[in-house]
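If you read the protein sequences in the order shown, they are chains B and V.
Numbering follows this note's numbering, with no gaps: position 202 of the first sequence is 202.
Numbering follows this note's numbering, with no gaps: position 64 of the second sequence is 408.
Hints may be right or wrong, so weigh each one.
Take a look, some chain V residues computed to stay more than 12 Å from chain B by CB distance [claimed, not checked]:
{"hint": "1", "residue": "Ile351"}
{"hint": "2", "residue": "Leu355"}
{"hint": "3", "residue": "Ile363"}
{"hint": "4", "residue": "Asp389"}
{"hint": "5", "residue": "His390"}
{"hint": "6", "residue": "Gly391"}
{"hint": "7", "residue": "Ala392"}
{"hint": "8", "residue": "Tyr436"}
{"hint": "9", "residue": "Arg453"}
{"hint": "10", "residue": "Arg476"}
{"hint": "11", "residue": "Arg479"}
{"hint": "12", "residue": "Ala486"}
{"hint": "13", "residue": "Glu487"}
{"hint": "14", "residue": "Val494"}
{"hint": "15", "residue": "Gln506"}
Which chain V residues face chain B? A few, computed with CB under 7 Å, are given here [claimed, not checked]:
{"hint": "16", "residue": "Asn358"}
{"hint": "17", "residue": "Leu361"}
{"hint": "18", "residue": "Ile447"}
With a straight-line Cα cutoff of 20 Å, these simulated SDA-like cross-link-like pairs (lysine to any residue) come out [stated by the list, open to error]:
{"hint": "19", "chain 1": "B", "residue 1": "Lys209", "chain 2": "V", "residue 2": "Lys381"}
{"hint": "20", "chain 1": "B", "residue 1": "Lys51", "chain 2": "V", "residue 2": "Thr398"}
{"hint": "21", "chain 1": "B", "residue 1": "Lys161", "chain 2": "B", "residue 2": "Glu147"}
{"hint": "22", "chain 1": "B", "residue 1": "Lys38", "chain 2": "B", "residue 2": "Ser59"}
Just so you know, these hints were derived from the structure itself, not from any lab.
Since this is a predicted model, take the numbers as computed values, not measurements.
For each residue, glycine too, the CB sits at the ideal point set by N, CA and C.
Single-letter residue listing:
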Amino acid sequence: MAERDAPLVRVDGLSKNFDVSPPFLERVLARQGRTMLKAVDGVSFDIPRGKTFSLVGESGCGKSTVAKLVVGLIRPTAGSIQFEGADLASLTSRAQMQPIRRRLQMIFQDPYASLNPRWRVADIVAEPIRAHGLIEDKGAVLRRVGELLEQVRLSARDGEKFPHEFSGGQRQRICIARALASNPEFLVCDEPTSALDVSVQAQILNLMKDLQRELGLTYLFISHDLAVVYHISDYLGVMYLGRLVEWGDARAVFREPKHPYTRMLLDAIPDLEMSGRRRIPVAGEVPSPISPPEGCHFHPRCPFADDRCRREIPGDTPTATGEVRCHGIEEGRPMTLERATAEV
Amino acid sequence: MRQRVVIALALCVNPKLVIADEPTTALDVSIQAQIIKVLKRLCADHGAAVMLITHDMGVIAETADRVAVMYAGRIAEIGPVSDVIKRAKHPYTHGLMGSIPVIGHDLDRLTQIEGSMPRLTEIPRGCPYNPRCPRVFDRCRAERPDLMPVDRSRVACWLYDQEVPAHG
Chain B
1 MAERDAPLVR
11 VDGLSKNFDV
21 SPPFLERVLA
31 RQGRTMLKAV
41 DGVSFDIPRG
51 KTFSLVGESG
61 CGKSTVAKLV
71 VGLIRPTAGS
81 IQFEGADLAS
91 LTSRAQMQPI
101 RRRLQMIFQD
111 PYASLNPRWR
121 VADIVAEPIR
131 AHGLIEDKGA
141 VLRRVGELLE
151 QVRLSARDGE
161 KFPHEFSGGQ
171 RQRICIARAL
181 ASNPEFLVCD
191 EPTSALDVSV
201 QAQILNLMKD
211 LQRELGLTYL
221 FISHDLAVVY
231 HISDYLGVMY
241 LGRLVEWGDA
251 RAVFREPKHP
261 YTRMLLDAIP
271 DLEMSGRRRI
281 PVAGEVPSPI
291 SPPEGCHFHP
301 RCPFADDRCR
311 REIPGDTPTA
321 TGEVRCHGIE
331 EGRPMTLERA
341 TAEV
Chain V
345 MRQRVVIALA
355 LCVNPKLVIA
365 DEPTTALDVS
375 IQAQIIKVLK
385 RLCADHGAAV
395 MLITHDMGVI
405 AETADRVAVM
415 YAGRIAEIGP
425 VSDVIKRAKH
435 PYTHGLMGSI
445 PVIGHDLDRL
455 TQIEGSMPRL
465 TEIPRGCPYN
475 PRCPRVFDRC
485 RAERPDLMPV
495 DRSRVACWLY
505 DQEVPAHG
């Protein structure tokens, strides 16, 4: 990592525990301690300026929690999030947060729920401008809103309308315009196209790439759609039960996935090319994050697990472009999946 | 797991036809693969026919034998899955296939279908796809095409009308 210039965003040992205990009295009666859910457990990665880092993983693996931590919607239990060297977790007062808040924005999954139905689009898009006091003059605010709407390929006149007059894809454009209103450098996109049809998804993905080029934006992109991730990412991180099991250059991870979980995940993708390749379904389901397995979280589903995997949490092993957390790879254990091509 | 329970429920009465409406849409790829395996086994073991409704082309490519592509309430193209996916005939199918990102294909931009779906109360005259179609010509704006045979598929597009050859 040292050879690259300083990253815009550096996440280091980020953890978040949620208290999911039953109510106090019940706990006392049942003589139970508190129950903690480790939603995010020691996640570290860097995002270079102007690049896209994607997080993938199955539902409940903690991707969205990472997104919320990075924008400061929730506070981490441990670890740090550095934005150009400044640690976000150490900023406690609103006044300290304000200047940095302007520079990072978030786009949410559901464009239906994330726009106030009673506000006109112009007011929605102008909200960050007003909240951060970027432009005082009313006419100038409106002009800026018009510019922003045109930047996301809507018409400046659309500002007069209400959100319900727009389709899902257009609403997501409004969300992007709102996110861009405070001139951010860093956008956290939590499943921005998951609620959209493929043809609309293509429009939004193209728009996001164009904006990245025009404005030099840096993205943290959260998705469970691996094809979308392949298309948009420069770097890729794979999460499993709160931990980052593998990260690296996106192309390299897709071409040569190292961690058994990444390999199974990539193998499970439906094949549009219809090469006749048989999918190897990932066996089992994600265990409950409240009581995750000891050692490597993936060991109950991993075909290569041994005693060490059941006992010890794997550390980071460097790969060509990133890191992987797997005892098997660290030890150089032979790990070839018998391809299921024979089973016809 | 819940989806499996639903499948089991559907099988209770030994049906000849199972209609699966977006059975994998809310699921992760790993679970999706398991559900598809179950559905396929269903066809093989019980001799049940499955009508799969989905917007995930990957799932279709892997599961279906025949596929119908719908646009604004009508079938735009229907045929064997390999023909429709690999040699799409209708311009809409073509655009749809191009808009799907594919792992291993390094494209800077995805093919984009301009505009959006018409409101179902305001479906355009002629071919419903004509305002967005890159290969539109006069006849598309005036007359509505019915499905016509092309190779092994049937396509609702004037480009494939045998009697009056399309220009271009």
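Going through the hints against the structure:
With a least beta-carbon separation of about 15 Å from chain B, isoleucine 351 of chain V lies farther than 12 Å from that chain, consistent with its non-interface assignment. With a least beta-carbon separation of about 19 Å from chain B, leucine 355 of chain V lies farther than 12 Å from that chain, consistent with its non-interface assignment. Look at isoleucine 363 of chain V: its CB is around 20 Å from the nearest CB on chain B, clear of 12 Å, so calling it non-interface holds up. Under the 12 Å C-beta cut-off, the non-interface status given to aspartate 389 of chain V relative to chain B holds; the minimum distance is some 16 Å.
Listed as a non-interface residue, histidine 390 of chain V keeps its Cβ farther than 12 Å from every Cβ of chain B; the least gap is roughly 20 Å. Taking the minimum C-beta to C-beta distance to chain B, about 20 Å, the non-interface status of glycine 391 of chain V holds against the 12 Å cut. Taking the minimum C-beta to C-beta distance to chain B, about 20 Å, the non-interface status of alanine 392 of chain V holds against the 12 Å cut. Residue-level check failed: tyrosine 436 of chain V sits 9 Å from the nearest beta carbon of chain B, not beyond 12 Å.
Distance check for arginine 453 of chain V against chain B: the nearest CB is about 5 Å away, which does not clear 12 Å, and the non-interface claim fails. With a closest Cβ-Cβ approach of about 9 Å to chain B, arginine 476 of chain V is found to fall inside the 12 Å limit, against its non-interface label. With a least CB separation of 16 Å from chain B, arginine 479 of chain V remains clear of the 12 Å interface cut-off, as annotated. The beta carbon of alanine 486 of chain V is kept farther than 12 Å from every beta carbon of chain B, the shortest such distance being approximately 25 Å.
Look at glutamate 487 of chain V: its CB is around 25 Å from the nearest CB on chain B, clear of 12 Å, so calling it non-interface holds up. Consistency note on valine 494 of chain V: stated as away from chain B, and its beta-carbon is indeed over 12 Å from all of that chain's, at 20 Å minimum. Remark: the non-interface label on glutamine 506 of chain V is consistent with the geometry, its nearest Cβ contact in chain B lying 29 Å away (cut-off 12 Å). The restraint placing asparagine 358 of chain V at the interface with chain B is violated, with a minimum CB-CB distance near 25 Å, outside the 7 Å limit.
Residue-level restraint check for leucine 361 of chain V is violated (minimum Cβ-Cβ distance to chain B is 23 Å; threshold 7 Å). Residue-level restraint check for isoleucine 447 of chain V holds (minimum Cβ-Cβ distance to chain B is 4 Å; threshold 7 Å). Between lysine 209 of chain B and lysine 381 of chain V, the direct Cα distance comes to roughly 35 Å. Violation of the 20 Å bound is thereby established for this hinted pair. Distance restraint check for lysine 51 of chain B and threonine 398 of chain V: the Cα-Cα separation of roughly 33 Å exceeds the 20 Å cut-off, and the hinted pair is therefore not satisfied.
At most 20 Å may separate the alpha-carbon atoms for a hinted pair to count; lysine 161 of chain B and glutamate 147 of chain B meet this at roughly 16 Å. Pair hint lysine 38 of chain B plus serine 59 of chain B holds up; C-alpha atoms about 15 Å apart against a cutoff of 20 Å.
Violated hints, listed in ascending order, are 8, 9, 10, 16, 17, 19 and 20; each of the other numbered hints is respected by the structure.
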